[in-house]
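Number of protein chains: 2
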Amino acid sequence: MKVTVTRDKALRFVGKNEHGLETVFDTTKEGGGLNSAPSPVETLAMSAAACTAMDVVAMIEKRRKKLDHFTVEIEYERAAKHPKVITKLHMAFHVKSPDLSAEELERAITLSQDTYCTVSIMIKRSGCEITWSHKIER
Amino acid sequence: MKVTVTRDKALRFVGKNEHGLETVFDTTKEGGGLNSAPSPVETLAMSAAACTAMDVVAMIEKRRKKLDHFTVEIEYERAAKHPKVITKLHMAFHVKSPDLSAEELERAITLSQDTYCTVSIMIKRSGCEITWSHKIER
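These protein sequence lines are chains R and B, in that order.
If you count the first sequence from 1, you need to add 1347 to reach our numbering.
If you count the second sequence from 1, you need to add 1347 to reach our numbering.
If you're looking for bench data, these hints aren't it; they were derived computationally from the structure.
Please note that the accuracy of each hint is not assured.
One copy or two, either will do: identical chains are not told apart, so a pair holds if it fits within one copy or between any two.
Said to hold, decoys possible - Once the Cα atoms are required to be at most 27 Å apart in a straight line, the calculated DSSO-like pairs of lysine-lysine come out as:
| # | residue 1 | residue 2 |
| --- | --- | --- |
| 1 | K1409 | K1428 |
| 2 | K1363 | K1376 |
| 3 | K1431 | K1363 |
| 4 | K1471 | K1431 |
| 5 | K1443 | K1356 |
| 6 | K1356 | K1413 |
| 7 | K1349 | K1482 |
| 8 | K1349 | K1428 |
| 9 | K1471 | K1435 |
| 10 | K1349 | K1363 |
| 11 | K1349 | K1471 |
Nothing here was measured: the structure is a model prediction, and the numbers come from that model.
Pulled out of the complex, with its shape left as it was, chain R reads as follows (with noise of 0.2 Å):
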């Protein structure tokens, strides 16, 4: 597998995966960059939950349950020095659905944080705590 990152300009840089397909990375205008997108480190705690995210609404609607709205907020904590790595890592799930049970919901994001989840399993085995909630509203 192979994904490039060319610099655009200042810290501004722009991805590309072999379908051609773009993610762009930037920092903070304090951080010497345009504020254009978001860093690495967001971008890394957001493809923790995009990943999460695919498993469990795949599994979710493999079981015919209807899903009106499926947001998951993550809070991070960093180290103070460096490398400041994620320390701590929440995820709080926040799903719209008629019918699905709490336990089909808590089944899906065990399975998907157990077994499946390559991001959220590399970021564990890096040292760091995951942690996660949920909220069904009807």
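With chain R's structure known, arrange chain B on it following the hints.
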């Protein structure tokens, strides 16, 4: 620090940071997605490259060296079975500069990879081997 990821449609998700800046995630059509954006694992690999590229570019330009082009090509391998974590990752730095020495570039990459690059260091701590190489074009 806080980010959110919200489902758009199918397995397309939109991430947002605290400034409202967005990153889109999707997966291939065979995977149930729309293939409209890079996948979470591709984005993780790009995040590592963007993170170290920001460090390296900032260090080089602090030394008043001219950078006409800066690309990182990442190739990676994943585990055959779930969780399909990244097991090996190679970063090839391609730089165009009239006055940057190989030693200066190597020093900057080493400093980033060993001390500053949050994303690369988290990936290494997960058990993945990261190697790198470089080519300077005049």
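Do the hints match the structure? See the list:
1. For the identical chains of this complex, K1409 and K1428 are inter-copy neighbours only, at 22 Å across copies versus 44 Å inside a copy, given an alpha-carbon limit of 27 Å.
2. Both within a single protomer and between protomers do K1363 and K1376 lie at most 27 Å apart by alpha-carbon distance, with minima of 24 Å and 18 Å respectively.
3. For the homomeric pair K1431 and K1363, the shortest alpha-carbon distances inside one copy (26 Å) and between copies (21 Å) are both at most 27 Å.
4. Taking the shortest alpha-carbon separations for K1471 and K1431, both the intra-copy value of 15 Å and the inter-copy value of 14 Å come in at or below 27 Å.
5. In the homo-oligomer, the alpha carbons of K1443 and K1356 lie at most 27 Å apart only across protomers (14 Å), although the nearest pairing inside one protomer, at 41 Å, exceeds that limit.
6. In this assembly of identical chains, K1356 and K1413 lie within 27 Å of each other by CA distance solely across copies; the values are 13 Å between and 44 Å within a copy.
7. In this assembly of identical chains, K1349 and K1482 lie within 27 Å of each other by CA distance solely across copies; the values are 18 Å between and 37 Å within a copy.
8. Taking the shortest alpha-carbon separations for K1349 and K1428, only the inter-copy value of 19 Å comes in at or below 27 Å, while the best intra-copy value is 31 Å.
9. With identical chains, the CA atoms of K1471 and K1435 are at most 27 Å apart both within one copy (9 Å) and between copies (17 Å).
10. Taking the closest pair of Cα atoms, K1349 and K1363 come within 27 Å of each other both inside a single copy (9 Å) and across two copies (25 Å).
11. Taking the shortest Cα distances, K1349 and K1471 sit within 27 Å of each other both inside one copy (24 Å) and across copies (18 Å).
The structure agrees with every numbered hint stated previously.
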